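2 protein chains.
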Amino acid sequence: MHAIDLIRKKRDGGELTGDEIGFLVTGAAQSLIPEEELAAWLMAVFFRGLSAAELNAMTLAMRDSGDVLSSHRSGHRRVDKHSTGGVGDKTSFLVAPIAAAAGLAVPMISGRALGHTGGTLDKLDSIHGYRTDLSSQEMARVIDEVGACIVGQTESLVPADRVLYALRDRTGTVESPALICASIMSKKLAEGLDGLVLDVKTGSGAFLKNRADGLHLASLMVQTGHAASTPTVAVLTSMDQPLGRFAGNWVEIQESIELLKGERHALNEDLRELSLVLAGWMLHLGDVAQTQDEGRNRAEGLLESGAAIESFAAMLRAQGGDAGVIDEPARHHTPGARKEFLASRSGFVATMNCEQVGWAVQRLGAGRKRAGEIVDPHAGLEMHAKLGMRVDAGQPLCTMFAKSDTLFAEPEELLTQAIVVIAEHSATIPALIQQTVTADNARQFRQNQNSTG
Amino acid sequence: MHAIDLIRKKRDGGELTGDEIGFLVTGAAQSLIPEEELAAWLMAVFFRGLSAAELNAMTLAMRDSGDVLSSHRSGHRRVDKHSTGGVGDKTSFLVAPIAAAAGLAVPMISGRALGHTGGTLDKLDSIHGYRTDLSSQEMARVIDEVGACIVGQTESLVPADRVLYALRDRTGTVESPALICASIMSKKLAEGLDGLVLDVKTGSGAFLKNRADGLHLASLMVQTGHAASTPTVAVLTSMDQPLGRFAGNWVEIQESIELLKGERHALNEDLRELSLVLAGWMLHLGDVAQTQDEGRNRAEGLLESGAAIESFAAMLRAQGGDAGVIDEPARHHTPGARKEFLASRSGFVATMNCEQVGWAVQRLGAGRKRAGEIVDPHAGLEMHAKLGMRVDAGQPLCTMFAKSDTLFAEPEELLTQAIVVIAEHSATIPALIQQTVTADNARQFRQNQNSTG
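Listed in order, the protein sequences are those of chains A and B. Reminder that position 89 of the first sequence reads as 89 in this note's numbering, one-by-one numbering, no gaps. Reminder that position 281 of the second sequence reads as 281 in this note's numbering, one-by-one numbering, no gaps.
Honestly, the hints are just simulated from the structure, not real lab data. Here the structure is a predicted model, which means the values were calculated and not measured. The beta carbon of each residue, even a glycine, is placed where N, CA and C say it ideally should be. Just to be clear, a hint being listed does not mean it is correct.
Stretch-level coverage of chain B by chain A, calculated; a stretch enters the list once three of its residues show a Cβ under 8 Å from a Cβ in chain A [stated by the list, open to error]: (1) 15-26; (2) 131-137; (3) 170-176.
Restraint ranges, calculated between C-beta atoms of paired labels, are given here [unchecked claim]: (4) Asp-440/A <-> Glu-413/B: 22 to 32 Å; (5) Pro-34/A <-> Ala-337/B: 51 to 61 Å; (6) Ser-346/A <-> Met-1/B: 39 to 49 Å; (7) Leu-32/A <-> Ala-409/B: 33 to 43 Å; (8) Asp-67/A <-> Glu-373/B: 40 to 50 Å; (9) Glu-328/A <-> Met-1/B: 45 to 55 Å; (10) His-2/A <-> Pro-34/B: 52 to 62 Å; (11) Lys-209/A <-> Pro-34/B: 28 to 38 Å; (12) Thr-17/A <-> Glu-410/B: 25 to 35 Å; (13) Met-1/B <-> Glu-175/A: 39 to 49 Å; (14) Gly-14/B <-> His-425/A: 36 to 46 Å; (15) Ile-374/A <-> Asn-210/B: 58 to 68 Å; (16) Thr-17/A <-> Asp-133/B: 38 to 48 Å; (17) Gly-14/B <-> Glu-328/A: 48 to 58 Å.
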């Protein structure tokens, strides 16, 4: 088999066989195929898409390029939640302990800040002692003990994705729904799951701005999950403003702990609701609830009973973290400087460019300009107003946190551009939960693959 | 400037500036841009095409990546002819000496056998002593002395094309009209020409099977030539059967010498006619004839007067070749074995798969299976029948020449498949010269570049 023949076949709109896809993926993982040939194939895939069979074959070949985790908590079904990324998105810290408290195993492998979005691992790093670099064996032990763990990618999992993602990043082939699907799903399927819920975000703060694109990607991922015998559901949610009250690193852990402890706040009901919806699906897919609705109710019960915060504390301890932070989390928020960002006029918060808000958070010090940089655990933003709310001129729209006062200028400029207050009340605030894609309706949402896959 | 931004721009249908194109081409020539990034860009160009401005910029950037020849024969205008390649295509050996005899300078840089087509340099190598590896200085001296020279590519000319062509060959991006145009035209423009005639072949023995594709490529090349201030004309010709009587190496030189000596034969009137048409354009573009028609008549006069064979002999001598072969060329054809290929039925030669005929010639030993192999100078084919001719069962359709009898089996099989004799006379023999593309009509033939460029 020669890569050139497979490149030409895909280029001309043909469908590669499973063996041919496997040849390319294995060749990538083992550096047997030169990167220029892989790059040409990836660009041809960008234009031609992948058929359902090709996408399934690629996802499985990528999954099988490294270790695949298997269940270690006997009798406990394994579920996970994955989000396509947003601003203030901290549902992982709620849904993982809720699912663990429901008796499920949650082998959650997460990532770092990317672009304008925060990274789950960067947030967890703000907890003193918490280790995200567990080996597969350590991960299995934590799951056996406490049900959930949240860790970083290990070298041995899905090496094909590391090679292909780095190559896509350099060759302009990141933005292909088929390749995004294969990348996400291969990593999730390598966790050896019995069920997966996907939070596919669209809107100004998401990577996919357009809802139709989100629906397409969601449908691809749901179908790919089912083809790999892992029941998968995608919830399409709006990312047009930060989720909850806080965006940053430690502040997001703090907000999650407060919610896990039952402290509710009008400005993070969206976060609570989305977490319960996602956890409801996890419980249903994990077979501890007959329906998603029953799962959601049970999740709410586990949150209110304190069972979820117990699971969270156990997970922190099992991963070396200081569970003492749970007692008075706000006390652990010690930014070097803080500054309020004020409304310049009275009216209603009409729209936010949520990506710019995300960049403001990154520039406050929560993210990196270059890979490997150290992030500021206390940098971030607290929102005092959300879409549709009435504000008066001079009232704080948010509070910025950073290491020093010198860091406020750029974020302030970004926020000035991002948050729009108008005189009239706007009726066009997008619903948080927009649509649910299941195996039953995924096919109808999947667009013509040959032109858009 | 970053390659990734340019890849994404082209991928999304944008138009690169001249500086951006120059950055990529220079980066390729000087190995400053990794091949995987170039490959992704080339595949994006395959799908998106190049605008006229991009194509002009790319062609000039490639031309200027190395030395550009300048006129050394003062007062003599420089013209050349380039063919997109076919079977039995030996017009170079006629048009170069005709144009030189007309007082023009012909700095012809040619190539080797490629795929099923023969190579001008391989044919010239069958002349004892003839050197095709002249330096630019030697080339200039030969042109000054005798008006024409036919040589191979030197390292210093168009290095960007060497890098990009090798990369295209490995990454499935050869078959892009825009990239083919830039490759051909950058090399021709590096010859420092005042005029260029292109023989764009279509049909079963050409690389472009389809006439519309040929017309599109011809139009791109004509417009690119004019944009670079080199008046360019393309003649679209049919390559549905070998041109002339012979296909191979020495046999093509022999046939050319016979025609240059005025020996005509019914089976190579096509070769003579096409050579005069092409030479007519060279003379017209080189300003020694007011019209193409006048140029064609003058070319025929130079052929018949013996002036052209004198130029050919002078070129052979100037390049170290044994001009003695001109006296009795047939005597120098010494194949190890010969075998006739007979008509299996009576009727009319209806069609030929001319690419298969070309492969038969290659497999007889005229071509290589791997780069660098030595070719057999005496391998080849003599045609005894051409399209539309009546033949009787058992009559020879052609004679095969090879080193030994053992080499005939595969070519014979290819010819059996390739040449179709039917009972009824077929009226669908394509005209040799199908269309002429000049600056005046090129624009109307150029298809929508964004979808096909």
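Do the hints match the structure? See the list:
With 0 residues having a beta carbon nearer than 8 Å to a beta carbon of chain A, the region 15-26 of chain B misses the requirement of three or more and the stated coverage is violated. By the rule of at least three residues with a Cβ nearer than 8 Å to a Cβ of chain A, the coverage given for the region 131-137 of chain B is violated, with 0 such residues. As drawn, the region 170-176 of chain B meets chain A at 4 residues by the rule of a beta-carbon pair under 8 Å; at three or more, the given contact holds. Take Asp-440/A and Glu-413/B: their Cβ atoms lie about 56 Å apart, and the range 22 to 32 Å is violated.
In this structure the supplied range 51 to 61 Å is violated for Pro-34/A paired with Ala-337/B, their Cβ-Cβ distance being about 42 Å. Distance hint check for Ser-346/A and Met-1/B: the Cβ-Cβ separation is about 46 Å, which falls inside the suggested range of 39 to 49 Å. With their beta carbons about 36 Å apart, Leu-32/A and Ala-409/B fall inside the hinted range of 33 to 43 Å. Roughly 47 Å separates the CB atoms of Asp-67/A and Glu-373/B, a value that falls within the hinted 40 to 50 Å.
For Glu-328/A and Met-1/B, the Cβ-Cβ distance of about 52 Å falls inside the hinted range of 45 to 55 Å, so the restraint holds. Taking 52 to 62 Å as the suggested C-beta distance range, the pair His-2/A and Pro-34/B does not conform, at roughly 22 Å. Roughly 30 Å separates the CB atoms of Lys-209/A and Pro-34/B, a value that falls within the hinted 28 to 38 Å. Distance hint for Thr-17/A and Glu-410/B: a CB-CB separation of about 29 Å, consistent with the stated range 25 to 35 Å.
Met-1/B and Glu-175/A have their C-beta atoms about 21 Å apart, which leaves the hinted 39 to 49 Å range violated. Taking the beta carbon of each, Gly-14/B and His-425/A are about 39 Å apart, inside 36 to 46 Å as hinted. A beta carbon spacing of about 60 Å between Ile-374/A and Asn-210/B agrees with the range 58 to 68 Å that was offered as a hint. Separation of Thr-17/A from Asp-133/B is about 45 Å and conforms to the stated range, judged on CB atoms against 38 to 48 Å.
Range check, Gly-14/B to Glu-328/A: Cβ separation about 54 Å, and the 48 to 58 Å hint holds.
In summary, the numbered hints that this structure violates are 1, 2, 4, 5, 10 and 13.
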